[in-house]
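Trainee: Spelled out, the chains give:
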Amino acid sequence: DAGITQSPRHKVTETGTPVTLRCHQTENHRYMYWYRQDPGHGLRLIHYSYGVKDTDKGEVSDGYSVSRSKTEDFLLTLESATSSQTSVYFCAIGGGGITDTQYFGPGTRLTVL
Amino acid sequence: AQSVAQPEDQVNVAEGNPLTVKCTYSVSGNPYLFWYVQYPNRGLQFLLKYITGDNLVKGSYGFEAEFNKSQTSFHLKKPSALVSDSALYFCAVRDSNTGGFKTIFGAGTRLFVKA
Chain V
1 DAGITQSPRH KVTETGTPVT LRCHQTENHR YMYWYRQDPG HGLRLIHYSY GVKDTDKGEV
61 SDGYSVSRSK TEDFLLTLES ATSSQTSVYF CAIGGGGITD TQYFGPGTRL TVL
Chain B
1 AQSVAQPEDQ VNVAEGNPLT VKCTYSVSGN PYLFWYVQYP NRGLQFLLKY ITGDNLVKGS
61 YGFEAEFNKS QTSFHLKKPS ALVSDSALYF CAVRDSNTGG FKTIFGAGTR LFVKA
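From first to last, the protein sequence lines are chains V and B. Letter by letter, the first sequence follows residues 1 to 113 of the numbering used here. Letter by letter, the second sequence follows residues 1 to 115 of the numbering used here.
Since the hints were derived computationally from the structure, they do not count as laboratory data. One thing to keep in mind: the hints can contain errors.
The calculated lysine-lysine pairs, modelled on BS3-like cross-linking and capped at a C-alpha distance of 30 Å, are [said to hold, decoys possible]:
| no. | chain 1 | residue 1 | chain 2 | residue 2 |
| --- | --- | --- | --- | --- |
| 1 | B | LYS69 | B | LYS102 |
| 2 | B | LYS102 | V | LYS53 |
| 3 | V | LYS70 | V | LYS57 |
| 4 | B | LYS69 | B | LYS58 |
| 5 | B | LYS49 | B | LYS77 |
| 6 | B | LYS114 | B | LYS49 |
| 7 | B | LYS58 | B | LYS114 |
| 8 | V | LYS70 | B | LYS102 |
| 9 | B | LYS102 | B | LYS58 |
| 10 | V | LYS11 | B | LYS102 |
| 11 | V | LYS57 | B | LYS58 |
| 12 | B | LYS102 | B | LYS49 |
| 13 | V | LYS57 | B | LYS102 |
| 14 | V | LYS70 | V | LYS11 |
| 15 | V | LYS11 | V | LYS53 |
Listed next, with one range per pair, are the computed distances between beta-carbon atoms [stated by the list, open to error]:
| no. | chain 1 | residue 1 | chain 2 | residue 2 | range |
| --- | --- | --- | --- | --- | --- |
| 16 | B | ALA1 | V | PRO8 | 32 to 42 Å |
| 17 | B | LYS69 | V | THR17 | 18 to 28 Å |
| 18 | B | GLY16 | V | LYS57 | 40 to 50 Å |
| 19 | B | GLY16 | V | GLU79 | 30 to 40 Å |
| 20 | B | ALA5 | V | THR111 | 22 to 32 Å |
Every residue gets a Cβ at the ideal spot worked out from N, C-alpha and C, and that includes glycine.
Using the sequences and the hints given, assemble the complete structure.
Mentor: Written out as structure tokens, the structure is:
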């Protein structure tokens with residue numbers, strides 16, 4: 001999986017609790033992305049980063065925040081988890097140029113009860 | 001706005017037969033098209049991409065895709081399916097008018113190859 005790890009791989013939490021997902025890369029890519037995967041929707045972009053401390057919103061950013069203090073780490077935080085945020089979350093790297101390929105991590109399955 | 005459609009939720013094919021997974025797209029500028037495959041409990045893996053040039057693109061694991069501008073399609077094909085090709089396939093598009101950050105993925109097509 002192209003030197004990308006995600007932690008945790010599985011998490012069950014309760015509504016209203018904060019949750020942080022971590023993406024770690026060893027490829028020194030400048031660009032990193034967080035997606036969520038839901039049946040019937042494919043992958044949808046939550047947030048992306050184009051450098052340390054440089055982040056921007058994607059198409060489904062409400063309820064999520066991100067931080068990137070080091071090139072290799074990109075954190076996704078759900079400040080107060082809701083059941084609608086139950087999903088599989090994927091981190092990706094690369095793809096900063098329009099022709100560039102993205103490489104995906106193994107995913108985190110999050111269940112919000 | 002850019003969009004991509006995978007009209008089939010599922011495709012069933014017998015091992016050894018040719019397979020096609022369909023994808024159509026809509027962009028306002030020039031399209032850049034990608035196919036990814038997802039095996040169970042894994043992330044997406046890149047198969048191939050169309051940037052410009054030859055309309056027939058060859059990729060990993062014997063897959064190829066044909067870009068058809070007039071039909072706005074980018075169908076994934078393989079001459080002889082293997083049971084191990086069974087997976088979830090995603091088509092994705094970028095639009096030259098919106099830049100590299102915005103990749104739109106289709107909903108996915110599940111391919112079943114029966115022995």
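Trainee: Please go over all the hints and tell whether each is borne out by the structure.
Mentor: Quick rundown of the hints versus the structure:
no.: 1; hint: LYS69(B) <-> LYS102(B); result: holds, 21 Å
no.: 2; hint: LYS102(B) <-> LYS53(V); result: holds, 19 Å
no.: 3; hint: LYS70(V) <-> LYS57(V); result: holds, 19 Å
no.: 4; hint: LYS69(B) <-> LYS58(B); result: holds, 17 Å
no.: 5; hint: LYS49(B) <-> LYS77(B); result: holds, 13 Å
no.: 6; hint: LYS114(B) <-> LYS49(B); result: holds, 27 Å
no.: 7; hint: LYS58(B) <-> LYS114(B); result: holds, 24 Å
no.: 8; hint: LYS70(V) <-> LYS102(B); result: holds, 23 Å
no.: 9; hint: LYS102(B) <-> LYS58(B); result: holds, 24 Å
no.: 10; hint: LYS11(V) <-> LYS102(B); result: holds, 28 Å
no.: 11; hint: LYS57(V) <-> LYS58(B); result: violated, 34 Å
no.: 12; hint: LYS102(B) <-> LYS49(B); result: holds, 16 Å
no.: 13; hint: LYS57(V) <-> LYS102(B); result: holds, 11 Å
no.: 14; hint: LYS70(V) <-> LYS11(V); result: holds, 24 Å
no.: 15; hint: LYS11(V) <-> LYS53(V); result: holds, 26 Å
no.: 16; hint: ALA1(B) <-> PRO8(V): 32 to 42 Å; result: holds, 35 Å
no.: 17; hint: LYS69(B) <-> THR17(V): 18 to 28 Å; result: violated, 49 Å
no.: 18; hint: GLY16(B) <-> LYS57(V): 40 to 50 Å; result: holds, 47 Å
no.: 19; hint: GLY16(B) <-> GLU79(V): 30 to 40 Å; result: violated, 52 Å
no.: 20; hint: ALA5(B) <-> THR111(V): 22 to 32 Å; result: holds, 29 Å
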